[in-house]
Structures are given as C-alpha cells and as structure tokens.
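One letter stands for each residue in the lines below.
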Amino acid sequence: MKPIRLELIDGAILVVYFAFVLGIGFVLKRHMRSSTDFFLSGRLIPTWVAGLAFLSANLGAQEVIGMAASGAKYGIMTSHFYWVGAIPAMVFVAVFMMPFYYGSKARSVPEYLKLRFDEKTRALNAMTFAVMTVFSSGISMYAMALLLNLILGWDFNVSVWLSAIIVLLYISLGGLTSAIYNEVMQFFLIIAGFAPLVFLGLRDVGGWSRLQMRLDEVATAQHFAPGAFSHSWTFIGNAADNPMGVGWLAMLMGLGFVLSFGYWCTDFLVIQRAMAAKSMAAARRTPLVAAVPKMLFPFLVILPGMIAIALTQHQGASGFALPNKPDGSLNYDLVIPLMLRHYFPSGILGLGLTALMASFMSGMAGNVTAFNTVWTYDIYQAYLRPRASDSGLLWMGRAATVVGIVISVGAAYFAAHFNNIMDLLQLVFAFVNAPLFATFLLGMFWRRTTGHGAFVGLLSGILAAAIHHGLTQPMGAQPLVKGGWLGHVLRIYPSEMAQNFWTAIFAWTTCFVVTILISLVTPQKKSNTELSSAHLRRTNDLV
Amino acid sequence: MSYFDLRLPLGWLFVILGALIVCAGFGAQVTSEEMSLGWNVDFLWGAVMIGFGLICLWFARRYAKKRGPSNLANADSDRS
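Heads up: the sequence lines are chains A and B, in that order.
Just so you know, the first sequence maps onto residues 1 to 543 in the numbering used here.
Just so you know, the second sequence maps onto residues 1001 to 1080 in the numbering used here.
Hints were generated in silico from the structure; no laboratory data involved.
All C-beta atoms, glycine included, are put in the ideal place defined by N, C-alpha and C.
If a hint is listed, it holds; no wrong ones were tucked in.
Stretches of chain B that chain A covers, calculated by requiring three or more beta carbons in the stretch to come under 8 Å of a beta carbon on chain A:
| hint | stretch |
| --- | --- |
| 1 | 1006 to 1016 |
| 2 | 1019 to 1025 |
| 3 | 1038 to 1047 |
Sample of chain A residues lacking proximity to chain B, with all beta carbon distances greater than 10 Å (derived):
| hint | residue |
| --- | --- |
| 4 | GLU63 |
| 5 | VAL91 |
| 6 | GLY153 |
| 7 | LEU249 |
| 8 | TYR383 |
| 9 | ARG398 |
| 10 | PHE429 |
| 11 | LEU471 |
| 12 | LEU486 |
Kindly generate the complete structure, drawing on both the sequences and the hints.
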C-alpha cells in the first residue's frame, strides 16, 4: 500500500488537535491537589461528560478498526455486539450495579471486592487487571504505530514514542479528569471524522437498497443464503447458516449475557468513569447517557465494513476495493484507513486521521488511568505502603502513570514480535472478565457468598476457560494461541467468535457453580454490618 | 472545587478545525471533488463543524451567564 502524502492543512489539523489535548492537561494541573482529584476527578464530573467518557473509553483501536473489519467479515450480525451485548449490559450496570459501586465508597473495582469478600480476592483481581491494562494499552500503541507506518509511512519507533509522550503528559498533568475531558473531545472528533465516510461510501455503493443487493451477492459467493450479510436475526437459528458461525444460544448466553455483562459491569476501565460522577444519581445516569449514542454506533463503525465488502464484491463508481493479504484472504483491518484514503481529499483527510489517532489514544489513556488507580490504591497502598500520605499517593499516581506508559511501550515492541498477540489478549479478557461477572452477581445478590467461595470460584472459572480453550479449536486454525494446545481437540467451532463465546459460557458457569458450592461449606466471615456496607443502602438508592 | 466548562475547548476546537477544513474546501481542485463523488466535502463538512462549535460555545456562554460573572471559568462544576 502506497503511503498517503499529507498536505500542510492536514498537518495543521493534527497539530491543533494535539495542542488542545495537551492544553487541557496543563489547565487541569492546578486542580490536582489530592489523590481524589487525580484518581477520581474529585467526584465532580457532570453526567453528560462522564457518560460520553464511559462510552469513549471503550472506543479504542479494537472498536473502530475491529468493528469495521467484523462488519466486512460477518455483515450486520456484528451489530449484536451493540444491541444484544452492550446496551442491555449498560442498562443493567446503571440500574443494579452502580448503587453497589458508588454507594460502597470503594475507589476501584478490586477495592469493592475487598469490601464484599476478602483481601485475596481483591489481590487476584488487582494483579490480573493491572497486567491486562498495560498490555492492552501497549497493543493500542502497537496497532496505531503499525497503521501510521502503513498509511502515512511514519517511522514505527517515532509513532510509538510520540503517542506515549502525549498520553503521558496529559494524564500525569490532569489525571483522570484530563483523560475524561479528552475522551469526550475524542468522541465528538470520531463522529466528525467518520460520519462523512459513511455518507460517501453509501453514495458510492448506490444507497441502502443497492447495498443490500450487493451484500446478497457477497453472501451467495461465500455459499450462504442471500440476506446472510444483511439480516441480523434470520439466520441465527443454525450456526452453519451465518458468516459468524454462531447460533442463538451462544449469541444470547455467550455474548448477550456473559461477555458483555462481564465487560461492562466489572471492567474498572469503564466503571471508573461512572465512579467519577458527582453524585449517586449522576453515576447511575452515566451508563444510560452512554447507551443512547452507543445504539447508533453500528452505523458509524460497522456500516463502513459492510460498504467496503459490497464495493469489493462489485466495484462502485469510484473503484474502491479491499486488498488481499499474502495468504490470499481479504485484509479486513484496512477498511477504515483505505476508505479514508479513497474518499477524503486533503483537509477532511486530516480530520479523519485525527479521529483515528484520537480513538487509539483514548484506548491507551483509558487503560493507563485505570492502571495507575489500581496500582496506587490496590497494590501500593494495600500492600507496600499502607500508611502513605495523600500527597504520597498523588506522587505515586504520577509515577505509576510514567511506569505504566513505559511498560506499555515495552508491550508495544513485544507485540511487534508476535502475530497473534491481539487474539491472545482477547482470549485473556474472556478468561478474566467472564468468571468475574459470576463472582459479582453472587456477591451482590446472595449474602451467603463467602470470600473463600469467591476466590476459589474465580480461579476455577479461569481454569475452566483454559481447559475449554485447550480442548477446542476454530475451523482451520493452528494449535496454541487459537486453542487445541492440550493435544486432544474435542470440538471444532465454525469460527473464533463461536469458540470465544463458548469459552466464556464455560468459565462463567464453572465460577457460578463452584462459588455457590464452596460458599455453602465455608463460614461467612463478614459481619452483617460489613455486608450491608458492600450491599449498600441499596434499598434507599433504588427507590 | 470545580473544573472548567468542557464545552469551551470543545467549541473552539471544532470552530478552528472547521475553519481549516473550509479553507481547504475553497482551494479544492477538481480531483478533490472527484474523490468525494462530486461533492466539495471539505467545504460542506467544515461548515457543519463550525456550526457545531458555535453551538457549544453558545451553550457554554449561556450557562456561564446564568451562574454569574465570577463563575465564567468554572461553569461545569455541578451541572448534570
């Protein structure tokens, strides 16, 4: 792919954006007087800001590039990630879980686990989460540098270090508030940068009805019934009938319940945004505010993928087509960058590239702010310096930001050596978040759940996920990262997506059952008062 | 304690970026319009962005006025 040559105006747009990003950090610096200001935004963030940041923290590289790629590969069924997955989970977290989190006055998700269960459950969650966040941030950095190298010809090392320095500056200056404010700006920039792309792509393909016709051709070319790419529910009865290879049970239980609820209800990266809200009511409204634009995002990130595959199948007026990888398969990951290059002239091209960079940086910043909070509160203050002063915690927060960024840079270079590290990371999310959701459900709604039950259940869930993954494989995959590493494959799934959904279902079910069994045979060490503080004035809050 | 009204930087960012993109639209060549299927997308979208930026600034100013002159820079603290 020939790199794009940026004009002066495109460069100016990038410079203006970065000046605003850093400017927000510098203006906020004077407000950062305590650890609460730095890690929790002083619990002063208005609902609409917290809501858009809640949404934007999830708008990283995987969301924008990955959803467009999935739209091209699986068609409109990808929208289930939003309408079956994210939206119900966001409503659930607002209605049922926020009262527990915000009302407990816990400063992080691991701290909530300590209040409800015990120290070892908190430690397990804090450690796994800290590792996940820095690796995730590093992989965002790696993906961004790789993409900038591919589409702009920028040097990989320069891109990695430049993005690291910018994120480091604005987070270490303004803490979580700086990350949240920038995430809101990034949210609007992503809409401004990608909306014209959808209009131009739809115009090129000949409008909505013509797009459906072209997608029917795509479906029949791949030996599916016409409509398999443009109908989200019709072909879900049998996994073999749709391009995703996922049946209704795996879709509803795996994605709709375990994976989505596991992510949106327990991942501190997003929960932290709602916990920064100024009141309980504002915290509960935060996911609801986020859910409204989230419902519309498939049109912005999935539709370009569907347009791209339709145009590739039957080239439109402008001759757009996706390129092939060396192995002959289509390179779905290039949907957004190629459409930007194809449709956007100089000027709006700078805006589109800025939106792309904004999405990568919001993903990085979200992970780094979650890391510095969990490190400082749940590892440093909990185990290393229990008597640390507030100014000491603030200093440690800034130091953790530097260390987190440096480890992320290391992870970015580490990722460059492994083709499958993104798949591996997704898998780790399924291993960790899915069982954690079972722990939370039981902890919040069944007072008999004990600390031993939660800890053993969580470990068993992770182990069950590993065993399921080791004994299964997606069709056509090599053993190891994509499964089958236990030497004996019990089941071949039609796609990686189907395998991930079932891995999550096994992990969640195992954790749920084991937690109940162990809780029934171990004593409850938390007093009624302690349990009430973790179950929280829930009744009052819900009324 | 309170932070500043986010609509101010957001509004200014969109006005400045919109103005830059409109400028690119004024200087657009035939090839640029061909790329965007016959539309001067720079000019059109730049104008939309300026409009959005101005709306943000208007809301920020209106809210600051409502809260009084002493809070011009700190308008965001308790809005929900």
